[in-house]
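Each chain, letter by letter, is given below.
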Amino acid sequence: MRRTARAAIPAFRAPAPAGSEDVHAQVLANGMQVIVWPVHQIPNVALNLWVRAGSRNERPGITGLAHFFEHMMFNGTRTRAPGEFDRLMEARGGANNAFTSDDVTVYEDWFPSSALELVLELEADRVANLAFVPQLIESERGVVASERRLRVEDNNHGLLAERVQAAAFTEHPYRFPTIGWPEDIRAWRLEDLQAFYTTYYAPNNLTLTLAGDLDPRQAVQLVRRYFEPIAAQAPPAPVREREPPQQAERRVKIRRQVQTPVVQCAYKAPAAADESASAIHLLMSVLMEGDASRLHRALVEERRLAIEVGGHWQEGFDPGLLWLSLTLPQHTDPHAALAALDAELARVIETGVTQVELERARNLAIVGFWKRLATIDGKAHLLGEYAVFHPHWSELFEAPQRLAAVTREQLRGVAAEILAVSQRTVGILAPAARRTKDQG
Amino acid sequence: MVRVPEHERLVLDNGATVILLPRREVPLLACQVLLRGGSVVDPPAAPGVASLVAALLEKGAGERDAYAFAEAVEGAGGSFGAVAGPEAIALRSQFLARDQGLMLELLADTLREPRLEAEEFEHLRARQIEFIKAVKDSEPAELIDAYGRALLFAGHPYAQPVHGSEASLGRIAHAHVLDYYRTNFGADRLILVLAGDLDIHRAEHDVRAAFADWPNAAVRTTLGVPPSQAGRRVLLIDAPEAAQTHFWIGAPGVDRRYAHRAALDLVNTLFGGRFTSLLNAELRIKSGLSYGARSGFVRGSVAGEFAIRSFVETAKTARAIHMALQALERLRRDGVSAEMLASARAYTLGQYALGLETAADWAAALADIEFFGLGTSYIDEYPARLAEVDPQAARRVIDEAFPTSEQVTLVVIGDAARIGGQLGEFGPVINMRLTDPEFAPPI
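Top to bottom, those sequences are chains A and B.
Counting along the first sequence from 1, when you hit position 29 you're at 29 in the working numbering, and nothing is skipped either side.
Counting along the second sequence from 1, when you hit position 79 you're at 1079 in the working numbering, and nothing is skipped either side.
Only chain A is shown next, with the shape it has when bound in the complex (with noise of 0.2 Å):
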């Protein structure tokens, strides 16, 4: 059998994606931002609206608003009745969804190309007329609640990631949970959700993106024939709040009956737009994507003190967090798990990374940046991300080059600035005491 020999696998060089060029962005006379990705591979189109408005915009007491509105968008219009939206859509053979963060709430449709102007309408519909059926929000309140069992209450990880933000921040909005309080779903009253949608869900806070079999001047017509009689409003008072310096590591601890203990370590980290974004990727590449990666391999594969390491960077308007998370085989004690993360952690900041294990993590953002271009609903949401969080779209399409530029030196430089014990908040989750066999 041939034999292919190779060391450091040199990086790709990407040539420019099909279409790019077709792209076609504009400002409506409301501020609304639209941009366009005619796509013609299948015979669909999918829709992201982009509404800068996340759990970053709360305050204590109506915690969990922002991601309430992603469900109350559902409920119905001045002109349309509950339930229309979804009904009307589906009819002509379209799909949605929405999510919500700490910074933005995000509204995606999927559906064929001959919908497009009934989607087009539905989504003005709701931006420019949303009702607030006391009813529905009543029972709205109680499919959150089932949302937040499901996530939070019910999930070991969800559970321990919650406490941990809320004690990584003491200052900034970003220490609430984007699902909200359980005291403060209950409570919230129909004058906040006013408030809260005359401001946020304002022409000049969106940006709608489209990809996909679409005539980008016929399109951006009829989004103007829909979203341009929609007034702007007075921009959001921006999110003042800065965190304060940490001073020393956090530790939050919770004891439940559980079999695995799971560790989570976050680390205070620079926004979205950063300088070192490509470098923070790389970094978090290097240590835990795939089998062959530093902390796979010293904590699963050679210590076996973890079953799966995972993490991610939360990219934010605002300095976040970047997570690594640890589950555990039952029995493991946390701390030597811990120990033994941290001496990793100390090795790549101590001696960087090796070429091979940053030319692997180019490879790897490489062939993930084409994955999400592979598709409509990738195209829709990369044109969204890099409108809403970057200084302009079309930095996309310079994320290879960008990978591309990535030195050792500062992977090593990044690692130093980020992975300080002193700024990070530590969860652990551990099996509660046992009980006796007739009480269990």
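In short, the hints are calculated from the structure, not lab data.
A hint or two may mislead.
Incomplete in silico selection of chain A near chain B, CB under 7 Å [as the list claims (entries may be wrong)]:
(1) A95
(2) W370
(3) T375
The calculated lysine to any residue pairs, modelled on SDA-like cross-linking and capped at a C-alpha distance of 25 Å, are [what the hints assert, rightly or not]:
(4) A:K371 with A:S101
(5) B:K1286 with A:N129
(6) B:K1133 with A:D333
(7) B:K1316 with A:R151
(8) B:K1316 with B:D1197
(9) B:K1316 with A:E183
(10) A:K371 with B:V1002
(11) A:K268 with A:H157
(12) B:K1286 with A:A432
(13) B:K1133 with B:G1081
(14) B:K1133 with A:A432
(15) B:K1316 with B:S1287
(16) B:K1133 with A:R297
(17) A:K371 with A:P43
(18) A:K371 with A:A273
(19) A:K253 with B:A1243
(20) B:K1133 with A:L338
(21) B:K1286 with A:N96
(22) A:K253 with A:T170
(23) B:K1286 with A:L193
(24) B:K1316 with A:Q135
(25) B:K1286 with B:T1404
(26) B:K1316 with A:D184
(27) B:K1133 with B:G1085
(28) B:K1286 with A:R80
(29) B:K1286 with A:R78
(30) B:K1316 with A:P134
(31) B:K1133 with A:R163
Virtual Cβ for every residue (Gly too), placed ideally from N, Cα, C.
Add chain B to chain A, keeping to what the hints say.
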């Protein structure tokens, strides 16, 4: 409309099936391999062998040990992973197009010269047991099908947990893994699809060089039809302190070659397959009881299952189960109207192309139709079949494939101390604990 793209299909002399499909939107190459076998050929006393074999395939092959293998894959930015299903081991891989040669080399090594080392086996087995515990701790709903299938198909290989149970994994020896490879790997079991930015002539050459002399597997697989089950029963799995109850309402369904698939898809879309479905309307939209409720069919080569899934606050468990059963009774009684079918048809067609967008999507779809012997008309003629479905055709599949509310098996995972009393009305209750190391209740 969606049609299967031009592709090349080869059957090598030894029976291996190879499909090559060029597609060049992005500089990626996707591969989907199916090897007949899977958990249905696991020893009845030790399900989970196929799953461990699949996991071991990427833990060293040919001249590479586990680390060198991972380094070869990830160093090129690629991905490579195998996972067992009930009737096959599926291997998926994606690389940059420039690495076609490397991808095929790794694939050939994996299938023909996997190392299956004892030490890697021991570690994977231990890790798999811990994974089950971790899922029980945080996402028990992921395991609800395994409990359901153990009851629904008791006595048949479909009842076996695909990834094993904590107890069965403990019983698996390294010899089981070697035996699985010896008897269940071979050219006649192989379906290999390469799709993407492909050098088709080189791919054909490399595939022939790698697999043309591969012998057939030592045994042939046969799978009987599972016995039918009668009467309603309830399996209650105690998860102390759980804030929410997960429930699964299942029944035998239909197999993969069921003739009325288009009608089946449309009726399920209306019943529990989309946001405005009857089930989700009852449990979420109208009542606010749950974040979501869905139904679906899993269709294997000789049988299949129908299941409803949802979750609800502990105190409202019985109420939610009632609502789901009532929705099922209403479907059975009232059927669906022409107007409802028109909406479901538009929805199904409108979403169809989104699942067949990338080279990896096509690789998976072509491997699947090859595996079940469905032919490309399964994809090309689907829109025409959807167009033919009228309320009478829908009525037929409701009668044939959807159970009555009296024929279902219920699996409930939740805090038994707080819900136990609510369930007696649904049928005889069997009790287990979530920490029990098996998915099947003791006989």
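These are the hints, each one checked on the structure:
no.: 1; hint: A95; in the structure: 6 Å, holds
no.: 2; hint: W370; in the structure: 5 Å, holds
no.: 3; hint: T375; in the structure: 5 Å, holds
no.: 4; hint: A:K371 with A:S101; in the structure: 23 Å, holds
no.: 5; hint: B:K1286 with A:N129; in the structure: 22 Å, holds
no.: 6; hint: B:K1133 with A:D333; in the structure: 16 Å, holds
no.: 7; hint: B:K1316 with A:R151; in the structure: 19 Å, holds
no.: 8; hint: B:K1316 with B:D1197; in the structure: 53 Å, violated
no.: 9; hint: B:K1316 with A:E183; in the structure: 20 Å, holds
no.: 10; hint: A:K371 with B:V1002; in the structure: 21 Å, holds
no.: 11; hint: A:K268 with A:H157; in the structure: 19 Å, holds
no.: 12; hint: B:K1286 with A:A432; in the structure: 39 Å, violated
no.: 13; hint: B:K1133 with B:G1081; in the structure: 22 Å, holds
no.: 14; hint: B:K1133 with A:A432; in the structure: 15 Å, holds
no.: 15; hint: B:K1316 with B:S1287; in the structure: 11 Å, holds
no.: 16; hint: B:K1133 with A:R297; in the structure: 22 Å, holds
no.: 17; hint: A:K371 with A:P43; in the structure: 20 Å, holds
no.: 18; hint: A:K371 with A:A273; in the structure: 22 Å, holds
no.: 19; hint: A:K253 with B:A1243; in the structure: 20 Å, holds
no.: 20; hint: B:K1133 with A:L338; in the structure: 21 Å, holds
no.: 21; hint: B:K1286 with A:N96; in the structure: 19 Å, holds
no.: 22; hint: A:K253 with A:T170; in the structure: 18 Å, holds
no.: 23; hint: B:K1286 with A:L193; in the structure: 21 Å, holds
no.: 24; hint: B:K1316 with A:Q135; in the structure: 20 Å, holds
no.: 25; hint: B:K1286 with B:T1404; in the structure: 23 Å, holds
no.: 26; hint: B:K1316 with A:D184; in the structure: 22 Å, holds
no.: 27; hint: B:K1133 with B:G1085; in the structure: 20 Å, holds
no.: 28; hint: B:K1286 with A:R80; in the structure: 17 Å, holds
no.: 29; hint: B:K1286 with A:R78; in the structure: 19 Å, holds
no.: 30; hint: B:K1316 with A:P134; in the structure: 22 Å, holds
no.: 31; hint: B:K1133 with A:R163; in the structure: 23 Å, holds
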